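> Sequence:
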Amino acid sequence: MQIQLDTHTHTLASAHAYSTILENARVAADRGLSLLAITDHAPCMDDSTHLLHFVNYDVLDRVVYGVEMLYGVELDIMDYSGSVSMEAHLRRRMDICVASFHNIVFPPGSKAENTRAYLGAMEQSGVAIIGHPDDGRVPVDYEALVREAKRTGVLLELNNSSLRPGHFRVGARENATVFLSLCERYGVPIAVGSDAHFATAAGNLDLALELLEEVRFPAELVINTDPAALKQVLERRR
Numbered sequence: 261m262q263i264q265l266d267t268h269t270h271t272l273a274s275a276h277a278y279s280t281i282l283e284n285a286r287v288a289a290d291r292g293l294s295l296l297a298i299t300d301h302a303p304c305m306d307d308s309t310h311l312l313h314f315v316n317y318d319v320l321d322r323v324v325y326g327v328e329m330l331y332g333v334e335l336d337i338m339d340y341s342g343s344v345s346m347e348a349h350l351r352r353r354m355d356i357c358v359a360s361f362h363n364i365v366f367p368p369g370s371k372a373e374n375t376r377a378y379l380g381a382m383e384q385s386g387v388a389i390i391g392h393p394d395d396g397r398v399p400v401d402y403e404a405l406v407r408e409a410k411r412t413g414v415l416l417e418l419n420n421s422s423l424r425p426g427h428f429r430v431g432a433r434e435n436a437t438v439f440l441s442l443c444e445r446y447g448v449p450i451a452v453g454s455d456a457h458f459a460t461a462a463g464n465l466d467l468a469l470e471l472l473e474e475v476r477f478p479a480e481l482v483i484n485t486d487p488a489a490l491k492q493v494l495e496r497r498r
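Every position in the sequence shown, counted from 1, becomes a number in our numbering once 260 is added.
Read the hints as simulated data drawn from the structure, not as lab findings. Just so you know, not all the hints are guaranteed correct.
Claimed, not checked - The following label-pair restraints were derived from C-beta to C-beta distances:
#, residue 1, residue 2, range
1, Pro478, Leu312, 37 to 45 Å
2, Leu272, Val475, 32 to 40 Å
3, Val315, Glu495, 35 to 43 Å
4, Arg322, Gly396, 34 to 42 Å
5, Asp290, Thr485, 17 to 25 Å
6, Arg445, Leu312, 37 to 45 Å
7, Glu434, Pro367, 18 to 26 Å
8, Gly396, Val365, 26 to 34 Å
9, Arg322, Lys371, 40 to 48 Å
The model shown is predicted, which means the values in this text are computed figures rather than measured ones. From the three backbone atoms N, C-alpha and C, an ideal C-beta is built for every residue, glycine too.
With the sequences and hints as input, model every part of the structure.
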């Protein structure tokens with residue numbers, strides 16, 4: 261499988277990350293990627309940055325070290341109706357929006373409540389990817405999640421960081437195996453994201469690729485093999 265892009269990375273604008281845009285892009289270039297997404301945490305996260313950081317993206321180079329750049333945001337899911345942490349007119353300014361549950365911002369509830377929150381987030385304009393839906397601390401009905409992803413065209417993320425041994429997310433490998441099986445059954449594409457918080461992790465999707473190979477997931481359902489396909493998803497989700 262020829263991976264060409266990474267849909268989920270963080271920089272110093274998320275203060276619990278430790279690298280710059282240039283450092284992430286340099287590593288992505290060294291790994292042979294053609295496209296890299298910068299998706300820092302929206303301001304609702306305590307250690308994120310001001311909204312001005314996101315609305316000023318037009319000052320940034322669109323190609324860095326030969327890598328095409330997408331400048332976006334990782335949104336927080338804020339309630340059980342699926343509201344997200346950036347207004348629609350600002351989301352439209354982003355190249356890419358990932359929406360995720362972060363327990364530090366909004367505590368998860370029951371499986372039914374969390375599922376309703378995810379499905380509601382998929383209805384939000386601009387949301388193209390549901391981030392790390394693998395966390396067992398946020399129980400979810402994966403069948404409902406995958407069926408809604410099919411209907412809305414939102415991508416579900418296979419998060420490489422979640423698969424690291426000892427990571428704080430619970431049961432990620434087992435949960436990812438479940439939703440990958442459902443994605444294959446329903447023909448739902450996925451996005452593989454490094455969730456890099458340090459430059460050396462940018463474009464490193466090794467654990468995710470290992471799992472995809474193990475479960476024999478179809479390469480044609482992995483959006484990371486085709487930048488043009490990702491851009492079509494992003495355009496439809498606007």
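> Give me the numbers of the hints this structure contradicts, sorted from smallest to largest.
As far as the earlier hints go, 3 and 8 are violated by this structure, in ascending order.
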